[in-house]
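*Asks:* Use the sequences and the hints to build the structure in full.
Sequence order for the protein chains is A and B. Counting from 418, one number per residue, gives the positions in the first sequence under the working numbering. Counting from 211, one number per residue, gives the positions in the second sequence under the working numbering.
A few of these clues could be false.
[Claimed, not checked] Computed, partial: chain B to chain A, Cβ under 8 Å: (1) G243; (2) M258; (3) N261; (4) W274; (5) T320; (6) V337.
For the record, the hints were derived by calculation from the structure and aren't laboratory data. Fair warning: this is a prediction, and the values are worked out from it, not measured in the lab. In this text, a Cβ means the ideal position worked out from N, Cα and C, and glycines have one as well.
Each chain, letter by letter, is given below.
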Amino acid sequence: MKVKVLFFANLRERLGTGVELVDVPDSASTVAGLRLHLMQRGGAWSEVLADMKVVRVAVNQDMAAASAPLNPGDEVAFFPPVTGG
Amino acid sequence: MKISVQQEDFDLGLEVLDIQEDNRVGAVASFVGQVRDVPMTLEHYPGMTENAIKKIVEEARSQWQILDYTVIHRYGELRVNEQIVLVAIASSHRADAFAACQFIMDFLKTQAPFWKKEHHPDGDRWVNALEADDRAAERWRQLKQQQRLIKP
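*Replies:* Right under this line is the structure:
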């Protein structure tokens, strides 16, 4: 199952990518599953995505919990706590 | 009824003029946030940003009388003293205008996907989210909870 994954702010910088198409195994079709799948790449990936307290996730542009299910074609974004205003 | 996420600057006077035309408007409250101390770059999540602001405004409209509003948030490179954000609320009475304006700002700070990167003389630094901002938003949730408890 393919999903579009976006990274913002310091996550984007530390991972060296802002957007990519990721093939997620069907057994990992939740936000938490996708995160673990990406962490298995090792290096910066396992470091940056390790602390879910400082990593927020949105699915199809809505804030989502780790348990949120994923569907083919979903847009999943990982980012740090927001600092606008 | 305007929400805009833009690079360009805005004019507070013109924006207020736009929302005070309705004959029922008796109060306009506005807030302008601007860059202090060091220049910065504001990154955002196009699409989600507008949706998040829309949701915050809808939540405010369910709690207070809002006759018209303008919310503008800028992104990109911003120098010291440049304006970042505008929230302007037109209502019949000041209590609604003040409260809605503060509510929207408090939730913009914690819900809208913007990130500030400060450009210090010794290097760039991403701004850390403040617990005080979370508490400000939390205060509204508790207030609503209390109102629910009071109202049968």
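*Asks:* Against each hint, give a clear statement of whether it holds in the structure.
*Replies:* Going through the hints against the structure:
With a cut of 8 Å, the hint placing G243/B at the interface with chain A holds, because the nearest CB-to-CB distance is about 6 Å. Below 8 Å, beta-carbon pairs count as interface contacts, and M258/B has one with chain A at about 4 Å; its hint therefore holds. Evaluation of the N261/B hint against chain A yields a held restraint, the C-beta minimum of about 5 Å falling below 8 Å. With a cut of 8 Å, the hint placing W274/B at the interface with chain A is violated, because the nearest CB-to-CB distance is about 19 Å.
For T320/B, the interface hint holds, since its Cβ comes within 8 Å of a Cβ in chain A; the closest pair sits about 7 Å apart. Interface restraint check for V337/B: the shortest CB-CB distance to chain A comes to about 4 Å, inside 8 Å, so the restraint holds.
Hint 4 from the list above is the single one not met by this structure.
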